[in-house]
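Modelling step: build the complete structure from the supplied sequences, incorporating the hints.
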Amino acid sequence: MNSTPQPEAARPGTTSLIPVFVQLKLSLLRNGLQQSSRRKAVYVTSIVLVGLFTALELLGLIALRGTAHMAALTTLLVVVLALGWAVMPLFFASGDETLDPTRLVMLPLRPVPLVVALLTASLIGIGPVFTLAIVVGSVIATANGAAATVVGVLAAVLVLLVCLALARAVATANIRLLTSRRGRDLAVLSGLIIGVGMQFVNIGVQRLGAAGGLRALAPVADVLRWVPPGSAMDAVRAAGEGSYGVAAAELALTAAALALLLWWWQRSLTRLMTAPDSSTLQASTEPDKARAQRPGLASVLPTGRTGAVMVRSLRYIWRDPKTKTAWMSSLTLGLLVPMLNAAQGHGSLYFAFFAPALLGMQMYNQFGQDTSAFWMVLQTIASPRDAYVELRARALALSLIAVPYVILAVTGVAAVTRAWRSLPEVLGMSFAMLGALLGTGGMTSALFPYSIPQDGGFKNVAPGQAGIAWLSLFGGLLAGTVVCSPLIALTIWLHVSANLGLMWILLPLGVAYGFCAAWLGLRLAGPRVVARLPEILLAVSKG
Amino acid sequence: MEQGSTPAVRIEGLWKQFGEQVAVAGVDLELPAGQFIGLVGPNGAGKTTTLSMVTGLLRPDSGRVEIGGHDVWSDPVAVKSRIGVLPEGLRLFERLSGRELLSYTGRLRGLPGDEVDRRATQLLDVLDLAVAQNKLVVDYSTGMRKKIGLAAALLHNPEVLFLDEPFEGVDPVSAQTIRGVLERYTASGATVVFSSHVMELVESLCSWVAVMAAGRIRAQGALAEVRGDAPSLQAAFLELVGAQRTASGDSLDWLGGDAR
Numbered sequence: 001m002n003s004t005p006q007p008e009a010a011r012p013g014t015t016s017l018i019p020v021f022v023q024l025k026l027s028l029l030r031n032g033l034q035q036s037s038r039r040k041a042v043y044v045t046s047i048v049l050v051g052l053f054t055a056l057e058l059l060g061l062i063a064l065r066g067t068a069h070m071a072a073l074t075t076l077l078v079v080v081l082a083l084g085w086a087v088m089p090l091f092f093a094s095g096d097e098t099l100d101p102t103r104l105v106m107l108p109l110r111p112v113p114l115v116v117a118l119l120t121a122s123l124i125g126i127g128p129v130f131t132l133a134i135v136v137g138s139v140i141a142t143a144n145g146a147a148a149t150v151v152g153v154l155a156a157v158l159v160l161l162v163c164l165a166l167a168r169a170v171a172t173a174n175i176r177l178l179t180s181r182r183g184r185d186l187a188v189l190s191g192l193i194i195g196v197g198m199q200f201v202n203i204g205v206q207r208l209g210a211a212g213g214l215r216a217l218a219p220v221a222d223v224l225r226w227v228p229p230g231s232a233m234d235a236v237r238a239a240g241e242g243s244y245g246v247a248a249a250e251l252a253l254t255a256a257a258l259a260l261l262l263w264w265w266q267r268s269l270t271r272l273m274t275a276p277d278s279s280t281l282q283a284s285t286e287p288d289k290a291r292a293q294r295p296g297l298a299s300v301l302p303t304g305r306t307g308a309v310m311v312r313s314l315r316y317i318w319r320d321p322k323t324k325t326a327w328m329s330s331l332t333l334g335l336l337v338p339m340l341n342a343a344q345g346h347g348s349l350y351f352a353f354f355a356p357a358l359l360g361m362q363m364y365n366q367f368g369q370d371t372s373a374f375w376m377v378l379q380t381i382a383s384p385r386d387a388y389v390e391l392r393a394r395a396l397a398l399s400l401i402a403v404p405y406v407i408l409a410v411t412g413v414a415a416v417t418r419a420w421r422s423l424p425e426v427l428g429m430s431f432a433m434l435g436a437l438l439g440t441g442g443m444t445s446a447l448f449p450y451s452i453p454q455d456g457g458f459k460n461v462a463p464g465q466a467g468i469a470w471l472s473l474f475g476g477l478l479a480g481t482v483v484c485s486p487l488i489a490l491t492i493w494l495h496v497s498a499n500l501g502l503m504w505i506l507l508p509l510g511v512a513y514g515f516c517a518a519w520l521g522l523r524l525a526g527p528r529v530v531a532r533l534p535e536i537l538l539a540v541s542k543g
Numbered sequence: 001m002e003q004g005s006t007p008a009v010r011i012e013g014l015w016k017q018f019g020e021q022v023a024v025a026g027v028d029l030e031l032p033a034g035q036f037i038g039l040v041g042p043n044g045a046g047k048t049t050t051l052s053m054v055t056g057l058l059r060p061d062s063g064r065v066e067i068g069g070h071d072v073w074s075d076p077v078a079v080k081s082r083i084g085v086l087p088e089g090l091r092l093f094e095r096l097s098g099r100e101l102l103s104y105t106g107r108l109r110g111l112p113g114d115e116v117d118r119r120a121t122q123l124l125d126v127l128d129l130a131v132a133q134n135k136l137v138v139d140y141s142t143g144m145r146k147k148i149g150l151a152a153a154l155l156h157n158p159e160v161l162f163l164d165e166p167f168e169g170v171d172p173v174s175a176q177t178i179r180g181v182l183e184r185y186t187a188s189g190a191t192v193v194f195s196s197h198v199m200e201l202v203e204s205l206c207s208w209v210a211v212m213a214a215g216r217i218r219a220q221g222a223l224a225e226v227r228g229d230a231p232s233l234q235a236a237f238l239e240l241v242g243a244q245r246t247a248s249g250d251s252l253d254w255l256g257g258d259a260r
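Taken in sequence, the protein lines are chains C and H.
The first sequence maps to residues 1 to 543 in my numbering.
The second sequence maps to residues 1 to 260 in my numbering.
It cannot be assumed that every hint is accurate.
Claimed, not checked - No more than 30 Å apart at the CA atoms, straight line, and that leaves these computed lysine-lysine pairs for BS3-like: (1) C/K40 - C/K542; (2) H/K135 - C/K542; (3) C/K542 - C/K25; (4) C/K324 - H/K135.
In case anyone wonders, no lab produced these hints; they're calculated from the structure.
Structure representation (structure tokens):
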């Protein structure tokens with residue numbers, strides 16, 4: 001460095017860093033929105049939704065003010081909120097570019113000013129505003145008297161900062177994992193985890209409503225009020241009741257937690273920005289895992305294209321996060337919906353149709369599931385026969401799971417609802433439906449292929465192809481129902497004409513019907529696949 | 001053309017338009033068999049679009065493509081078994097391990113299982129992928145991906161091999177390995193057609209080149225012929241595409257030197 005004075009912006013220091021990062025965050029937000037009007041629409045919608053939700057939550061909290069055990073609820077609420085902040089970066093790492101400090105590695109920045117600036121910048125966004133609103137609502141709901149209000153203001157600030165620091169610290173400590181392949185796989189599975197988690201929250205809320213209200217929370221709150229940032233929220237209650245010592249201790253606990261988080265964050269930040277990327281250190285010659293040749297499934301399956309395609313399809317169900325999510329959701333929901341309905345007393349065996357419907361729909365958009373790797377299939381398909389064998393193998397792989405699953409699900413639901421008499425009829429119809437969906441699925445795979453974006457857990461259709469996707473799914477489902485309609489008509493006729501003794505006939509009939517529907521659909525799809533190979537490749541390569 | 005034999009690839013009036021943009025504007029090419037052929041041109045010249053149409057991955061707006069005398073679009077059965085392809089910018093089945101990918105591709109090609117396994121083992125060995133054969137392709141580096149893609153393209157022993165930018169982003173060691181395999185393959189009488197914008201590479205590898213720019217073929221023929229009097233293929237190429245621009249004098253005058 002020579003004697004010429006450095007320009008203002010280049011001097012590293014807290015004073016200049018905060019506005020820089022705030023501006024960076026604002027620019028990233030603005031540019032992200034300018035990228036597409038669709039994104040803007042999504043953003044505005046989410047602002048409106050979050051705003052409505054926040055307002056309702058706020059009103060609810062204020063309305064509940066003074067209710068017994070209110071502090072238990074707000075403490076729990078704040079801890080859950082903090083938990084949400086802690087796991088959020090694990091699922092949405094790519095959502096906020098300022099979360100990834102490895103992008104700042106080349107800049108001359110000291111850790112402490114950087115932490116302060118990043119923390120300030122992270123105050124901007126929907127999340128922090130939402131959090132602040134909830135916390136303020138909680139304070140209003142529980143604060144009694146001037147002392148409690150003062151503690152409440154302190155608590156609100158502390159809770160917000162703890163949440164933000166927690167998210168940042170977790171993200172920074174795990175950034176290497178999050179940007180790695182495994183981390184991204186995890187993020188894709190997040191949709192499933194959140195979906196299943198929501199079911200549990202739902203059950204919890206219902207229990208709470210049933211089991212005598214907020215009192216049920218008291219034992220939980222007794223623990224949580226010593227867990228930051230729940231402790232800060234409980235301090236508001238304590239101050240209102242005159243226990244100033246407890247309030248001070250609880251506030252101090254949260255402050256200590258904040259300090260600890262900031263220290264952890266700063267430490268991982270320093271290590272991250274000075275140590276070399278572990279991925280470059282890792283030798284590529286790590287020992288082979290047990291994925292070595294196992295004679296397993298492949299040796300039982302037929303040889304040639306059929307076996308090869310089946311093995312690949314089955315491997316993808318397990319190894320490809322996107323395919324895995326779709327399958328896991330179908331397998332879970334297919335059993336959960338009829339079982340839950342049955343358990344709540346208003347179940348019917350007909351709910352068991354969810355199982356074949358959801359699994360059969362996995363046949364839809366087969367080539368979209370391949371992504372642009374479909375070219376490898378394209379290169380080997382030269383005749384309608386090849387295309388038919390390809391589709392048939394995929395349908396067989398699917399049936400390998402779907403057939404036993406449908407038998408299990410329908411029988412299970414029959415056992416719970418004690419509707420044994422309807423079992424043959426529902427089982428037969430289930431197989432007919434599965435077959436119809438396999439057939440129409442093969443057909444729509446050929447006619448309406450679309451891309452499945454591989455990043456992120458929530459997008460299942462590439463931009464601009466939503467119309468095709470809906471057409472494919474609903475058109476296909478409709479076609480599937482139409483295909484099944486003779487069998488449905490027969491079932492209704494048997495019921496109406498009280499020929500219940502003949503109901504068993506629907507089982508073999510349904511199996512045969514499903515088999516024929518699948519076979520016919522795939523047969524018809526074969527020539528269409530061959531005729532449209534480049535068009536299919538183009539349609540599935542947009543992800 | 002030597003002895004008037006059928007050319008490996010014959011392209012007539014190939015045309016492709018994306019909306020307003022003409023990507024390939026009437027390409028005519030006749031690529032001789034048994035040669036190492038380079039398709040060179042700057043980025044956006046239409047190389048990938050041309051190769052995609054030649055290999056059946058993209059439908060041309062008009063034009064004809066014949067490989068070994070068989071029409072790509074009307075006789076796919078004869079063509080697809082004769083060609084191997086390594087496209088650029090398309091995925092592989094990445095959730096398979098390298099060996100699984102080869103075993104899958106070979107079986108799709110209708111080769112018997114034992115033969116697929118035998119060939120796969122040799123290819124993995126020659127391409128230095130034996131150590132990583134049980135790793136998922138998604139965890140492979142760029143060079144390893146190109147090599148496993150090449151192995152998949154060679155597995156059924158095609159007559160003509162099409163490679164789109166096979167050396168792009170590949171480290172020198174992997175590049176040398178790929179080169180070795182390709183040289184051995186052409187020595188046996190097979191044809192390799194590959195695209196690249198690295199002239200030195202094309203010059204050192206190819207016996208026959210086609211120069212492409214703005215969707216058209218600017219020159220084609222034996223390497224020496226296309227190079228002509230120019231000192232290198234690079235110079236000849238710049239002349240052909242008319243990109244002979246000299247750096248102007250006073251812009252960037254602050255860069256480097258005493259100005260610091």
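Problem set entry | Numbered hints the structure breaks, given as an ascending list | none
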